[in-house]
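Colleague: Since chain A is already given, all that's left is putting chain B on it; use the hints.
From first to last, the protein sequence lines stand for chains A and B. So this note's numbering is basically just the index in the first sequence, starting at one, shifted up by 3. So this note's numbering is basically just the index in the second sequence, starting at one, shifted up by 912.
What the hints contain is simulated information worked out from the structure, not anything from laboratory work. Careful: at least some of the hints might be erroneous.
[Stated by the list, open to error] Mimicking DSBU-like on lysine-lysine, the simulated pairs with C-alpha atoms at most 35 Å apart in a straight line are:
id : chain 1 : residue 1 : chain 2 : residue 2
1  : B       : Lys997    : B       : Lys1041
2  : B       : Lys1103   : B       : Lys932
3  : B       : Lys932    : B       : Lys1183
4  : B       : Lys1041   : B       : Lys995
5  : B       : Lys1041   : A       : Lys22
6  : A       : Lys22     : A       : Lys75
7  : A       : Lys75     : B       : Lys1183
8  : A       : Lys75     : B       : Lys1103
9  : B       : Lys1103   : B       : Lys1183
10 : A       : Lys22     : B       : Lys1183
Treat the numbers as computed from the prediction; the structure is a model and nothing was measured.
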Amino acid sequence: MAVEVRIPTILRQYTGGAKTVEGTGDTLSELIDDLEARHPGLRERLLDNGSLRRFVNVYVNDEDVRFLGAEKTQLSDGDSVTVLPAVAGGSSR
Amino acid sequence: MRYASLLDSLGRTPLVGLPKLSPSPQVRLWAKLEDRNPTGSVKDRPALRMIEAAEADGRLTPGATILEPTSGNTGISLAMAAKLKGYQLVCVMPENTSIERRQLLSMWGVRIISSPAAGGSNEAVRVAKGLAEQNPDWVMLYQYGNPANAQAHYETTGPELLEDLPEITHFVAGLGTTGTLMGVGRYLREKLPDVQIIAAEPRYGELVYGLRNLDEGFVPELYDETVLTSRYSVGPRDAVRRTRELLEHEGIFAGISTGAVAHAALGIAAKAVADGRRADIAFVVADAGWKYLSTGAYEGTLDDAENRLDGQLWA
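Chain B on its own, in the form it takes in the complex:
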């Protein structure tokens, strides 16, 4: 397939069946391979859409500096687009994210500001909001509250899924900014009122939660609970186990967060089998495993991998 430029090749990713992991011909699993985007993750869609929206409304002008709290993929997507479009980029990133993500951002010329490990992405958001106040000329696209994030999925990911799988009954994706679930969820529900929208949330270890106060939870502005029909919390052990099963049985080399999503999808598949209902369950492969090799999730026993991931932001 031919495109005028890399940015033009965004989207229209493959939806592949999982014949070995699907429990029966009536209950089938499908993987949407978002690692096949220009910088290798689903975040290319919202990143480009947010930049274009900010250009259209005049917030983003040539030579401007973009500021974003990101644990990696959004930063990498923004970095590529910013480079091609002539913007500077400052990313606020938790200090406990993998070295590959930092290397990639540095390679694109991004200035990285680290936020404390405790509190994870929430803390990065807080630090970025402070920086935005101190630097009023910087443009914070703010993926957690920018409607263009969800809109990218409403306009592209959702329609692609429905076109490739008109019989879809369930959609499963990771819960971070909530943009994928909100955008795809709203689109699919308009077309298929009974479709089930399921979030898989990564459950981190105590280093990430330990110092948090129960009254200081952070809810992305994009999040609308009514779009979801269920929500799973998946720990690192199950996430790693499923990541390895995807590789072992289907040949898919996915990132660890995809393992968490696959865990929820397989839970739903098991329920459908138990209830004797047909199901076509599509889930998002947000990125491939390359950026997470240094985490140790891909070698040794599950116990080893679980111990190594403790305290890391693996999704």
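Next up, chain A with everything else stripped away, as it sits in the complex:
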């Protein structure tokens, strides 16, 4: 089950400069574990004690995962995941 993940500039030091990487997983949490295997250090920048960091936003098909199921958000083959730093209107958590 392949998912395309768009990486913001600030995190591309972990992906060898790649804008998009591929990953697998039935949930966002599994996807991040899978990415960490090939891009060490990425998980730490996205998660804090297993929860999404406050100023990181993750979208599945343009919809914010905090309203879908957060780290447990289900993923399907062909989904598009976007990681962004929070700007105006970022999560209050």
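Modeller: Just chain B now, kept in the frame of chain A:
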């Protein structure tokens, strides 16, 4: 309709159906035309309400200078009201906003202070907060944290929507200061507990995000996540595509941020159709397209428009 003055004509904007873009008679889209306000945007509502609140509590006195971080529309609304009410206005604005917005502000006699492009509105807020400390006699209304911003929508936009569309199931608006979503969202939920409140956030290119640090995110003080039921992030390509569809199919000449909002509304409509549920989805047309013609979003191919918008604050 007759009004005593321009300021009195604020609000009570039309809610129009979108018969061509609505997927079925059971799933209908409605557009609230906020470009029909005195200066042509939804921001007239919070701007006037914030000024009146500051006058009422004595912070704003005759001849005072108002300071505000704004990417354009709030500045234009404040400029008009300030002119009529006898205040000076200083706006802090990201340098990568469209030329029309700068021309309009200059026309109203506003002093514009540019903030660096990188960081967008967040950076403008930071610069404005610094200026406020250096100039204690200036009055910063601060739309990102001023309860009168959300209150304007709680008292006017929300009730107008419910009156015109009692069967409303979803409300969609752009996410900037969060005032529209917080105010309308709270009002509608009190009356219709199951109503869905959906934010559409503009997703900018790397010039805006590139230099930002993940630990320095900015969350407007007004924002309360519990008011929302979902949140979309919409890139420039989808925003431009939907802006053009509104024009092509419904005759609505909207600004680019409205295209982003329409994209989220159409996503929700598609989900409702798939689930076999009825839906009446109302969304906000924050302003018309005039101020964005120079961005190149309205001509050429989608690829051209997307490239031209890269690095611009289009919402």
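Colleague: Can you give the numbers of the hints that this structure goes against, from lowest to highest?
Modeller: When the structure is compared with the hints, none of them turns out to be violated.
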